[in-house]
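Participant: Protein sequences, first through last, are from chains U and F. Counting from 33, one number per residue, gives the positions in the first sequence under the working numbering. Counting from 173, one number per residue, gives the positions in the second sequence under the working numbering.
Treat the hints with caution; some may be incorrect.
Far from chain F by the CB rule (all over 12 angstroms, computed), these chain U residues [what the hints assert, rightly or not]:
#, residue
1, 129
2, 154
3, 255
4, 297
5, 309
6, 359
7, 478
8, 510
9, 562
10, 600
Simulated coverage check for chain F against chain U, where a stretch passes if three residues somewhere in it have a Cβ under 8 angstroms from a Cβ of chain U [as the list claims (entries may be wrong)]:
#, region
11, 197 to 210
12, 238 to 245
13, 313 to 326
Worth flagging that the hints you see were computed from the coordinates, not collected in a lab. Positions of the beta carbon are idealized from the N, C-alpha and C atoms, including for glycine.
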Amino acid sequence: MIPRRAFLAAVAAPLARPAGAFQSDGQRDALLESLLAELERARELRLENLERPYFVEYAVHDMEAFYAGATLGALAESRIERLRLPRIRVRVGSYDFDNTNYVFSDSMTGAPYALSYFPLEDHPAAIRRHLWLATDLVYRSALQILARKRAAVRNLTLGESLPDFARAEPVRMILAPRRQIFQPKEWEGMLRSLSAELRAYPEVTASGVEFQISTGMFYLVNTEGAQIRIPENVARFQVRANALAEDGMPLRDSAIFLAHEFRDLPGEPELRQAVRSVGENLRALVRAPLADNYLGPVLFEPQAAAQLLADLLGRNLGWRRRPISEPGRPVPFADSELEGRLGTRILPEWIDIVDDPTAEQWEGKRLFGSYPVDLEGVVPRRLVIVEKGILKAMLGTRQPVKGQLESNGRARLYGSYGANAAAFGNLFVQAAQRSSMEELRKRLLELCAQRNRPYGLVVRKLDFPSTASGAEFQRMAARLAQGGGSRRVVSAPLLAYRVYPDGREELVRGLQFRELTVRSLRDIVAAGGDPVAFDYLENGAPMALTGASAFVAECSVVAPGLLFEEVQLERPAEEFPRLPIVPRPPLEANL
Amino acid sequence: MAYEVTEEQGCTVAATLGALQVSRCQQNRVLDVTVRVGSLQLDNYHRMPGERPVFTSAARLPLDDVPGAIRQIVWLETDRVYRSAAERLIRLKTSTQVRAAGEEQAADFTEEKPSVFAGAPKPFSFPKELWEERVKRWSAAFGASSGILTSQVSIGARREVKYLVNTEGTRLVHGRNYSRIVISASTRSSDGMDLNLSENLDSEDASGLPSDKVVLATVERVARQLEALRTAPVAEPFVGPAILSGKAAGVFFHEIFGHRVEGHRQKDESEGQTFTKSLGQQVLPSFLSVIFDPTRRRAAGVDLNGSYLYDDEGVAARRVPVVEMGVLKTFLMSRSPLPQVPRSNGHGRRQSGYEVVSRQSNLIVESSKTVSESALREMLRQEIRRQKKPYGLYFEQVTGGFTQTRRGGLQAFAVIPLVVYRVYADGRPDELVRGVEIVGTPLASFGKVLATSDRPEVFNGFCGAESGNVPVAAVSPALLVSEIETQRKETSTDRPPLLPPPPAGGGS
Numbered sequence: 033m034i035p036r037r038a039f040l041a042a043v044a045a046p047l048a049r050p051a052g053a054f055q056s057d058g059q060r061d062a063l064l065e066s067l068l069a070e071l072e073r074a075r076e077l078r079l080e081n082l083e084r085p086y087f088v089e090y091a092v093h094d095m096e097a098f099y100a101g102a103t104l105g106a107l108a109e110s111r112i113e114r115l116r117l118p119r120i121r122v123r124v125g126s127y128d129f130d131n132t133n134y135v136f137s138d139s140m141t142g143a144p145y146a147l148s149y150f151p152l153e154d155h156p157a158a159i160r161r162h163l164w165l166a167t168d169l170v171y172r173s174a175l176q177i178l179a180r181k182r183a184a185v186r187n188l189t190l191g192e193s194l195p196d197f198a199r200a201e202p203v204r205m206i207l208a209p210r211r212q213i214f215q216p217k218e219w220e221g222m223l224r225s226l227s228a229e230l231r232a233y234p235e236v237t238a239s240g241v242e243f244q245i246s247t248g249m250f251y252l253v254n255t256e257g258a259q260i261r262i263p264e265n266v267a268r269f270q271v272r273a274n275a276l277a278e279d280g281m282p283l284r285d286s287a288i289f290l291a292h293e294f295r296d297l298p299g300e301p302e303l304r305q306a307v308r309s310v311g312e313n314l315r316a317l318v319r320a321p322l323a324d325n326y327l328g329p330v331l332f333e334p335q336a337a338a339q340l341l342a343d344l345l346g347r348n349l350g351w352r353r354r355p356i357s358e359p360g361r362p363v364p365f366a367d368s369e370l371e372g373r374l375g376t377r378i379l380p381e382w383i384d385i386v387d388d389p390t391a392e393q394w395e396g397k398r399l400f401g402s403y404p405v406d407l408e409g410v411v412p413r414r415l416v417i418v419e420k421g422i423l424k425a426m427l428g429t430r431q432p433v434k435g436q437l438e439s440n441g442r443a444r445l446y447g448s449y450g451a452n453a454a455a456f457g458n459l460f461v462q463a464a465q466r467s468s469m470e471e472l473r474k475r476l477l478e479l480c481a482q483r484n485r486p487y488g489l490v491v492r493k494l495d496f497p498s499t500a501s502g503a504e505f506q507r508m509a510a511r512l513a514q515g516g517g518s519r520r521v522v523s524a525p526l527l528a529y530r531v532y533p534d535g536r537e538e539l540v541r542g543l544q545f546r547e548l549t550v551r552s553l554r555d556i557v558a559a560g561g562d563p564v565a566f567d568y569l570e571n572g573a574p575m576a577l578t579g580a581s582a583f584v585a586e587c588s589v590v591a592p593g594l595l596f597e598e599v600q601l602e603r604p605a606e607e608f609p610r611l612p613i614v615p616r617p618p619l620e621a622n623l
Numbered sequence: 173m174a175y176e177v178t179e180e181q182g183c184t185v186a187a188t189l190g191a192l193q194v195s196r197c198q199q200n201r202v203l204d205v206t207v208r209v210g211s212l213q214l215d216n217y218h219r220m221p222g223e224r225p226v227f228t229s230a231a232r233l234p235l236d237d238v239p240g241a242i243r244q245i246v247w248l249e250t251d252r253v254y255r256s257a258a259e260r261l262i263r264l265k266t267s268t269q270v271r272a273a274g275e276e277q278a279a280d281f282t283e284e285k286p287s288v289f290a291g292a293p294k295p296f297s298f299p300k301e302l303w304e305e306r307v308k309r310w311s312a313a314f315g316a317s318s319g320i321l322t323s324q325v326s327i328g329a330r331r332e333v334k335y336l337v338n339t340e341g342t343r344l345v346h347g348r349n350y351s352r353i354v355i356s357a358s359t360r361s362s363d364g365m366d367l368n369l370s371e372n373l374d375s376e377d378a379s380g381l382p383s384d385k386v387v388l389a390t391v392e393r394v395a396r397q398l399e400a401l402r403t404a405p406v407a408e409p410f411v412g413p414a415i416l417s418g419k420a421a422g423v424f425f426h427e428i429f430g431h432r433v434e435g436h437r438q439k440d441e442s443e444g445q446t447f448t449k450s451l452g453q454q455v456l457p458s459f460l461s462v463i464f465d466p467t468r469r470r471a472a473g474v475d476l477n478g479s480y481l482y483d484d485e486g487v488a489a490r491r492v493p494v495v496e497m498g499v500l501k502t503f504l505m506s507r508s509p510l511p512q513v514p515r516s517n518g519h520g521r522r523q524s525g526y527e528v529v530s531r532q533s534n535l536i537v538e539s540s541k542t543v544s545e546s547a548l549r550e551m552l553r554q555e556i557r558r559q560k561k562p563y564g565l566y567f568e569q570v571t572g573g574f575t576q577t578r579r580g581g582l583q584a585f586a587v588i589p590l591v592v593y594r595v596y597a598d599g600r601p602d603e604l605v606r607g608v609e610i611v612g613t614p615l616a617s618f619g620k621v622l623a624t625s626d627r628p629e630v631f632n633g634f635c636g637a638e639s640g641n642v643p644v645a646a647v648s649p650a651l652l653v654s655e656i657e658t659q660r661k662e663t664s665t666d667r668p669p670l671l672p673p674p675p676a677g678g679g680s
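Using the sequences provided together with the hints, build the complete structure.
Facilitator: Given below as C-alpha cells:
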C-alpha cells in the first residue's frame with residue numbers, strides 16, 4: 033500500500049500564492065523544472081491534421097515508503113522503497129466534449145514504449161525522456177478514444193448534456209518539503225515487542241502488527257498554469273488478530289492508529305495497550321454467545337457512529353457520472369444513493385454536517401483530514417453538506433455532474449473513465465440537540481420496552497476500514513449477493529452488546545447489518561455522548577478494505593453517539609469449517 | 173507430507189542514462205505445503221482433463237527464527253491444505269469410477285529414497301552504493317546514441333536457500349547465489365516497428381560478474397546494433413538454409429525440443445504428446461545428443477543458471493541423457509511417473525506458490541559432427557548455392573518464445589529473433605535485416621540440422637510454465653540447418669514519437 037495525500041501539519045493553512053519553480057528556501061527543484069519544460073513541449077503535440085491537446089497535466093508522487101510487520105515476537109517483513117509514481121493526463125477536444133467520461137477513456141491504444149520506472153533522481157534528461165514518450169502514447173490514445181466517442185454519440189440519444197471538464201482557476205502552491213527520517217531498526221524492534229503481547233492469548237490463531245510510514249512530495253503541473261508541490265506524510269500502525277469460536281465461526285478484531293508523522297502516533301505504551309485490547313476482545317468474542325437476528329433500536333457509541341457515517345456517507349457524497357457507452361454495452365456503474373437528493377431531507381432536522389479540510393485542530397487534536405489542495409489543483413473551502421437535515425451540497429471534482437457543475441476541491445482519489453473520485457477531508461457531524469451517554473442508553477431501553485424487546489443493542493466498534501482478508505471479503509460479498517437486501521457491502525459490527533433493562537451488557541458475536549443504507553439515517557432519534565474524531569484512510573473500496581488500493585486519502589469524521597429507532601441486523605446461518613484437526617502448537621516460554 | 177521453505181534475499185538496482193530508477197532490497201520466506209492422501213496409485217494430485225489442482229499457496233513465514241511464530245503459520249497452512257487434499261480425493265474417487273480407463277494408467281506418485289543434506293550457500297553480500305554508482309555509469313554510456321528511445325542497465329543479485337523436510341525422512345538445506353546484469357534498449361523504426369535488444373551477463377557470485385570494460389563494451393555493442401537495426405531493411409519471407417548461433421540454437425532447443433520431453437506432458441491428453449510414443453526411436457539426427465544436467469555448474473566459461481543439487485521434491489539432481497545419438501531414451505521426470513518411466517530423475521521443479529511438474533534444467537547439446545565456425549560458414553555458402561537461393565540467414569541473437577504443445581492449438585513454435593543477417597554466397601558482407609519471425613513445425617525442423625560448430629555457447633534465462641518461473645540454461649554449438657522458414661513480423665500501425673527528443677543535456 034502506498035499512502036499519499038498528507039497535509040503539512042505544522043504550517044498554518046497556506047493560501048495559494050504565486051511562486052516560481054523554486055523551493056521556498058531558494059533551492060532549484062529539478063523535477064519541477066523538468067515537468068514544466070516537458071509540459072511546454074507537450075502543447076505542440078499534433079498528429080497529422082488532428083487536434084492538439086487542449087489540456088495536459090503531469091502529476092508525480094515522489095516518496096519513500098517503509099513497511100514492516102511482525103507476528104508473535106518475530107519480524108515477518110521489512111522493506112523500504114523509494115518511488116516516483118507519475119500520472120500523465122491529456123485531453124483532446126474541448127472542455128465541453130473531450131476524450132473522458134467514455135467507457136473506453138482509460139484504455140491505452142497502440143504499442144507502449146518500453147518505459148521502465150520513472151527516474152528517482154533529479155536528472156532532467158532522463159526525466160524529460162520518460163515524460164516525452166509517455167505523453168506521446170497518452171496523446172495518441174486520447175485521439176483514438178475521442179474519435180471513437182464521437183462515433184458512439186452519433187448512435188445514442190443522450191439526455192441533458194454536461195461539459196466534460198469544469199474550468200478552474202490555476203493555483204500556484206509550492207511548499208517546503210517535510211521529510212520524515214526513517215528509523216527502521218527501532219521500528220522493527222517495537223514491532224517485535226508489540227506483536228509478542230499476543231503470545232499471552234492462546235485463542236488467537238493468527239495475528240500481526242505493522243507500521244506503514246511514507247514521506248514525500250506531490251507535484252502537479254498543467255497547461256492552465258497550475259504549479260503545485262506539497263509535502264505528503266502518513267504514518268500508520270495496525271494490529272490485527274484472528275480467532276475461532278467453538279462452532280468454527282471466524283472472529284477478527286483490529287485497531288488502527290494514524291497520524292501524519294510517526295512521532296505523532298501514540299507512544300509505545302498506548303500501542304501496547306491497544307494490542308492487548310485486541311487480544312482481550314478476541315478472548316471475549318470466543319466465549320460470547322451467538323447473536324440472534326435483531327430488529328429494533330440500536331445505539332452507536334461515538335466511535336461506531338463516526339465509522340458508520342464514514343462508510344455510508346463517504347461513498348455516497350461524491351457523485352460520478354455514468355460514462356457514455358456504446359449501444360448495447362452496459363457499463364458496470366454504481367450510482368450514489370444520494371443521487372437526485374439535493375434539497376431533500378436525509379437526516380433529522382437537528383443535525384448539520386460540514387466538511388472542512390481547512391480546519392487543522394479540534395479539541396486540541398490535530399485533524400487528520402486537512403489538506404491544502406486536491407488532486408486537480410483546486411483549493412477546498414469549508415462546505416456545508418447538510419443543514420437542518422437537508423442535503424445542501426455534494427463533494428465535487430472537475431467532472432461536472434448534474435447539480436454540481438464546478439469543482440469544490442474534493443478530488444482526492446484517482447477514478448475511472450478519466451475522472452477523479454471525491455472524498456471529504458474533515459467531516460463534522462453536529463447535533464443541535466445532544467444528550468449524555470447515560471441518557472441515550474436510558475432512551476434506548478425505553479424504546480425497547482415500548483416494543484416489548486427484552487434487550488437493546490449497543491454497537492461500540494465497526495469493521496471499518498475492514499481488515500478482512502481477500503478470501504473473507506469474497507465470502508461476505510457472496511453472502512450478501514445471495515441474501516437479498518442491499519447489495520452494497522456495509523461494514524459489520526466487531527463489538528456489539530446486548531443491553532438489558534437492568535443495565536447489564538453482554539457481548540454477542542456474528543451480527544451483520546441488513547439493509548443499512550443512507551435512507552436509514554432518517555431513523556436517528558437522538559445524539560449524545562462526547563464526540564470523537566475518527567481518522568481513517570479512504571481508498572474507494574467497499575468498507576475501505578485495507579490493502580485494496582495503493583492510493584488513499586486521509587479523512588476524519590467527528591461525530592457524537594447516535595441512537596437509531598430501528599435497525600435490522602442478522603446473524604446469517606452459515607456452515608463453518610471444522611476447527612483445525614491438530615491442536616495449536618505450543619509457544620516457547622521465552623523468546 | 174512435505175514442507176518446502178524458500179528463503180530469498182536480494183537487491184535490484186537499475187538506471188537509465190545515468191539516473192537511478194530502482195534501488196531496493198527485500199527479504200522473504202515462503203512456505204509450500206504438500207499433503208498427499210490416498211495411495212501411490214491414486215492420490216489427490218491425480219489430474220483430470222482440463223484441471224490442474226493447486227493446493228499450496230506460498231504462505232509467508234516470519235524472517236526471525238522464532239519457533240512459536242513459525243509453527244503457528246505452518247499449523248494453519250497444513251490444516252488448510254489437508255482439508256483441500258481430502259476433499260479432492262473424495263471427488264476423484266467418485267469420478268474415476270465413472271470415467272472410462274484410458275490407456276495403461278500411470279501411478280500418481282513414485283517411491284524414492286529420502287535425501288539428507290545441509291549446505292547453505294555463501295552469505296549474501298551486496299554493497300548497494302557501489303553498485304548504484306556502477307550501474308548509473310554504465311547506463312550513461314547509452315547517452316551518446318541518438319537513435320535509441322529507451323535504455324536501461326540493471327543488476328539483480330539474489331541468495332536463495334531451500335529447506336525441505338518430508339514424512340519419508342528427507343531433510344535438506346541447499347541453495348544458491350545468483351546475479352545478473354541486464355543491458356537493454358529499445359527503439360522504433362520510421363515505419364513503426366518496435367525493436368528491442370537485450371543482453372544479460374550472469375554469474376553465481378556478484379564478484380564473478382564481468383569487468384567494467386566488458387560491460388561498457390556490451391553497452392556499446394547493444395547501442396550500435398540497435399541503431400543499425402532501426403534503419404536496416406525489412407526481411408522478406410524466406411525458406412532456405414541458415415546458421416543459428418550457439419545461443420540462438422540453445423533457445424531453439426529449449427523451446428521446440430525441451431518442453432516436449434517434460435514428463436508431465438506425456439500424461440496429459442490435452443497436450444500434443446509429440447514424443448510420447450517415441451521412446452527408443454530416432455528423433456534427432458544421429459550426431460546429436462541432448463543431456464539435461466543440473467549438476468553441471470559451468471560451461472563455456474559461464475556459470476549455468478539451471479544448476480541445483482536437489483529438486484523441489486527432494487530428489488537428488490543427476491545427469492540425464494534424454495537423447496543419445498539421436499535416439500530418445502527417457503523423459504524429464506518428477507515424482508509423477510509414466511508407465512514407461514517409473515521413477516523420478518530429479519527434474520521436479522516449481523516456483524513458490526505452484527505445484528511441482530517436470531521442468532528443464534541445464535540443456536546441453538552435444539554433437540559428434542563438429543566443424544570450425546569458419547567451416548560452418550563455408551558449408552552454409554555451399555548450401556545456398558546448392559539450393560539456388562539468393563542468400564541464407566544467420567541468427568545471431570534470439571529470445572525465448574512461446575511453444576504451443578497443446579492439442580487443438582497449432583503445433584508451431586515461435587522463437588523471437590532479435591539480430592538476423594543475410595549471408596551471401598558470393599562473399600559480400602553480411603546484411604542486417606529486421607522484422608524476422610521463424611515458423612515451422614517441430615519435427616520437421618529437427619531433421620534438417622546438417623552440422624554444428626565446435627564451440628558451445630550458453631543461454632541463461634528463466635522459463636515460465638505450469639509450475640511458475642524456474643531458472644534454466646541451454647548450452648549448444650552453432651547449428652547449420654538446411655531449411656528454415658521465416659515470415660515477416662506483423663508491423664504495427666504506430667509511428668515514432670511525434671515530437672523530437674528533449675535536449676540531451678536536459679535544459680530547455
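Participant: Take the hints in turn and mark each one as holding or not.
Facilitator: Hints, verified against the model:
Under the 12 angstroms C-beta cut-off, the non-interface status given to residue 129 of chain U relative to chain F holds; the minimum distance is some 23 angstroms. Not every CB of chain F lies more than 12 angstroms from the CB of residue 154 of chain U, the least distance being 8 angstroms, so the non-interface label is violated. Listed as outside the interface, residue 255 of chain U is consistent with that label: its C-beta sits roughly 15 angstroms from the nearest C-beta of chain F, beyond the 12 angstroms cut-off. Distance to chain F confirms residue 297 of chain U as a non-interface residue, since its nearest Cβ pair spans about 23 angstroms, more than 12 angstroms.
The Cβ of residue 309 of chain U lies farther than 12 angstroms from every Cβ of chain F, with a closest approach of about 21 angstroms, so its non-interface assignment holds. At roughly 26 angstroms from the closest C-beta of chain F, the C-beta of residue 359 of chain U stays outside 12 angstroms, upholding its exclusion from the interface. Annotated as non-interface, residue 478 of chain U keeps its C-beta farther than 12 angstroms from every C-beta of chain F; the closest such distance is 46 angstroms. Every CB of chain F lies more than 12 angstroms from the CB of residue 510 of chain U, the least distance being 19 angstroms, so the non-interface label holds.
Every Cβ of chain F is farther than 12 angstroms from the Cβ of residue 562 of chain U; the closest lies at roughly 39 angstroms, confirming the non-interface assignment. Interface exclusion of residue 600 of chain U from chain F stands, the closest Cβ pair being 34 angstroms apart, more than 12 angstroms. Check on the region 197 to 210 of chain F: 4 of its residues sit with their Cβ under 8 angstroms from a Cβ of chain U, so the three-residue criterion for coverage holds. Coverage of the region 238 to 245 of chain F by chain U holds [criterion: at least 3 residues with CB-CB distance below 8 angstroms; count 8].
Coverage of the region 313 to 326 of chain F by chain U holds in this model, with 4 residues showing a Cβ closer than 8 angstroms to a Cβ of that chain against a need of three.
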